[in-house]
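Peer 1: Hey, can you work out the whole structure from these sequences and the hints?
Taking our numbering, the leading residue of the sequence shown gets 2, the next gets one more, and so forth.
Simulated from the structure, these hints should not be mistaken for laboratory data.
Take these hints with a grain of salt, some might be off.
Below 25 angstroms or equal to it, Euclidean Cα-Cα: the simulated SDA-like pairs (lysine to any residue) are [to be verified]:
id : residue 1 : residue 2
1  : Lys458    : Thr311
2  : Lys47     : Lys100
3  : Lys10     : Lys57
4  : Lys378    : Ile427
5  : Lys6      : Cys79
6  : Lys299    : Gly200
7  : Lys199    : Gly126
8  : Lys245    : Asp198
9  : Lys112    : Lys398
10 : Lys107    : Phe444
11 : Lys63     : Asn12
12 : Lys352    : Gly269
13 : Lys144    : Gly200
14 : Lys54     : Ile32
15 : Lys57     : Glu20
16 : Lys436    : Gln382
17 : Lys136    : His122
18 : Lys144    : Arg255
19 : Lys287    : Gln382
20 : Lys54     : Val29
Simulated restraints on C-beta separations [claimed, not checked]:
id : residue 1 : residue 2 : range
21 : Glu128    : Glu69     : 30 to 40 angstroms
22 : Lys144    : Met359    : 21 to 31 angstroms
23 : Pro120    : Glu232    : 52 to 62 angstroms
As the structure is a computational prediction, the values presented were derived from the model and not from experiment.
Glycine is no exception: its CB is placed at the ideal position from the N, C-alpha and C atoms.
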Amino acid sequence: MAKRKAPVKKNEEITLTFEDLTHEGNGVGKIDGYPLFVPYALPGEKAVVKVVKVNKNYGFGKLIEVKEPSSNRVEPPCDVFYKCGGCQIQHMSYEMQLKMKQKQVKNVMHKIAHLSDVPVHPTIGMEDPWRYRNKGALPVGEKDGELITGFYRMRSHDIISDMETCVVQDEVNDRMVEAVRRIANRFGITSYDEKKDKGTLRHIMVRTGRKTSEVMIILVTRTEKLPHQKEIVKELTETYPNIKSIIHNINNRRTNVIMGNKTKVIWGEPYIYDTIGDIRFAISAKSFYQINPYQTEKLYEKALEYAEITKDDIVIDAYCGIGTISLFMAQQAKKVYGVEVVPEAVEDGKKNATLNNMTNAEFFVGEAEKIMPWWKKQGLQPDVIVVDPPRKGCDEKLLQAMIDMEPKRIVYVSCNPSTLARDLRILEDGGFQTKEIQPVDMFPQTMHIECVSQLVKKM
Numbered sequence: 002m003a004k005r006k007a008p009v010k011k012n013e014e015i016t017l018t019f020e021d022l023t024h025e026g027n028g029v030g031k032i033d034g035y036p037l038f039v040p041y042a043l044p045g046e047k048a049v050v051k052v053v054k055v056n057k058n059y060g061f062g063k064l065i066e067v068k069e070p071s072s073n074r075v076e077p078p079c080d081v082f083y084k085c086g087g088c089q090i091q092h093m094s095y096e097m098q099l100k101m102k103q104k105q106v107k108n109v110m111h112k113i114a115h116l117s118d119v120p121v122h123p124t125i126g127m128e129d130p131w132r133y134r135n136k137g138a139l140p141v142g143e144k145d146g147e148l149i150t151g152f153y154r155m156r157s158h159d160i161i162s163d164m165e166t167c168v169v170q171d172e173v174n175d176r177m178v179e180a181v182r183r184i185a186n187r188f189g190i191t192s193y194d195e196k197k198d199k200g201t202l203r204h205i206m207v208r209t210g211r212k213t214s215e216v217m218i219i220l221v222t223r224t225e226k227l228p229h230q231k232e233i234v235k236e237l238t239e240t241y242p243n244i245k246s247i248i249h250n251i252n253n254r255r256t257n258v259i260m261g262n263k264t265k266v267i268w269g270e271p272y273i274y275d276t277i278g279d280i281r282f283a284i285s286a287k288s289f290y291q292i293n294p295y296q297t298e299k300l301y302e303k304a305l306e307y308a309e310i311t312k313d314d315i316v317i318d319a320y321c322g323i324g325t326i327s328l329f330m331a332q333q334a335k336k337v338y339g340v341e342v343v344p345e346a347v348e349d350g351k352k353n354a355t356l357n358n359m360t361n362a363e364f365f366v367g368e369a370e371k372i373m374p375w376w377k378k379q380g381l382q383p384d385v386i387v388v389d390p391p392r393k394g395c396d397e398k399l400l401q402a403m404i405d406m407e408p409k410r411i412v413y414v415s416c417n418p419s420t421l422a423r424d425l426r427i428l429e430d431g432g433f434q435t436k437e438i439q440p441v442d443m444f445p446q447t448m449h450i451e452c453v454s455q456l457v458k459k460m
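Peer 2: Dropping the structure here:
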């Protein structure tokens, strides 16, 4: 059988009409049925494209000139959008972003979960889809003898030195990073050089409380000591009264992981505070806390709605983190059991329960897939199970534990539609029915989408 040849060659320039988008946000156009994936191209557009890579069944192109632009094409407000890659779809109208994300969820439900009839509602978006991130972690480098901060250039570890602001970061984060860089520069503190594994300051991280306006600054160094620590702390705290906490984290490993294992408070408190709905949360340097607090409230309200909790219900929250969803559920439930593998997160969960005077939420350290079968043997029968796993989805043993416990309802919160669809298929085969799915746009200007799904036990 003759090997099929691609109808295009590398470096060839062609005119292409785009008909779809990949889950990464690339435009998809076809030549004689052969797909080309092209960044920054939108469906409905006609453009000149340079072929940059040719594989057997598909290729990649570079956008040279848009001949017929889509009505959904907009000018990205970020000066370094085409260098950075942190946001993939600033060139797309927000209306189109929301529709595209809904379509993405529908597609995986059809292809992976085989659930074409399950309602996938229109994506819940933001009124103002900018400046929403409450946490920023910027690498530190040097250029012309001066410290620089910025995100990495796409597919590299080169810092974008001309980046003055990030349009999806809280403006306070921008100002704090700039202030720390300026002060550190004045005191001659060196940046970390990952190639030589030398230097001092690796990252500047800032966390902010949306409703409290409290600020935490985390300085990550390779060295055990932070040079000029007293002077830096004094200048920052005297200039910016919203700073409530300054943390020094030591990361002396040759790694891409931002934070090391050793963390110490060098000024103020170990926590800042924020609220979601009526619940107050203490946030430490390493706490997992949703980065878009505006949308988190909408997400958790929908999760609470899907849980349909009564005052007599028992709830299990797997992957409970610092207890954010657990405490939302505890507002209505008789009892909530949270389980989480990270000990520090469980301690934070306990503190947050105390902070909100909630005595009906308990938190346990361990792997949910091991603890839940043990709970079942002890006679614990949950009415509702809530799960919010990482991007890789649920462990197969955890899914089986959920099936074995036979709750009336499961609420599945997911940041990855593909692994959500895979897990819903397993839960469906295990005796549950997916009733509806609600996408929530937690990460505007990016291809990421959060979903909350409601499942009920089949009778």
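Peer 1: It remains to establish, for every hint, whether it holds in the given structure.
Peer 2: Structure-based check of each hint:
1. Lys458 <-> Thr311: Distance of about 17 angstroms is within 25 angstroms: holds.
2. Lys47 <-> Lys100: holds, 21 angstroms
3. Lys10 <-> Lys57: Measuring from Cα to Cα gives roughly 11 angstroms; hence the hint holds.
4. Lys378 <-> Ile427: holds, 23 angstroms
5. Lys6 <-> Cys79: The given pair, whose Cα atoms are some 40 angstroms apart, is violated under the 25 angstroms limit.
6. Lys299 <-> Gly200: violated, 43 angstroms
7. Lys199 <-> Gly126: Cα-Cα ~44 angstroms, so violated.
8. Lys245 <-> Asp198: violated, 32 angstroms
9. Lys112 <-> Lys398: holds, 23 angstroms
10. Lys107 <-> Phe444: Given that 25 angstroms is the threshold and the Cα spacing comes to 18 angstroms, the pair holds.
11. Lys63 <-> Asn12: Holds, because 10 angstroms separates the two Cα atoms, which is no more than 25 angstroms.
12. Lys352 <-> Gly269: It holds: about 18 angstroms lies between the C-alpha atoms, which stays within 25 angstroms.
13. Lys144 <-> Gly200: Holds, at roughly 14 angstroms.
14. Lys54 <-> Ile32: holds, 14 angstroms
15. Lys57 <-> Glu20: The hint holds at about 21 angstroms.
16. Lys436 <-> Gln382: holds, 22 angstroms
17. Lys136 <-> His122: violated, 29 angstroms
18. Lys144 <-> Arg255: holds, 22 angstroms
19. Lys287 <-> Gln382: violated, 33 angstroms
20. Lys54 <-> Val29: Roughly 14 angstroms between the alpha carbons, so the hint for Lys54 and Val29 holds.
21. Glu128 <-> Glu69: 30 to 40 angstroms: Given about 31 angstroms between the Cβ atoms, the range holds.
22. Lys144 <-> Met359: 21 to 31 angstroms: Given a distance of about 50 angstroms, which is not inside 21 to 31 angstroms, the answer is violated.
23. Pro120 <-> Glu232: 52 to 62 angstroms: With Cβ atoms ~59 angstroms apart, the hint holds.
The structure shown violates the earlier hints numbered 5, 6, 7, 8, 17, 19 and 22.
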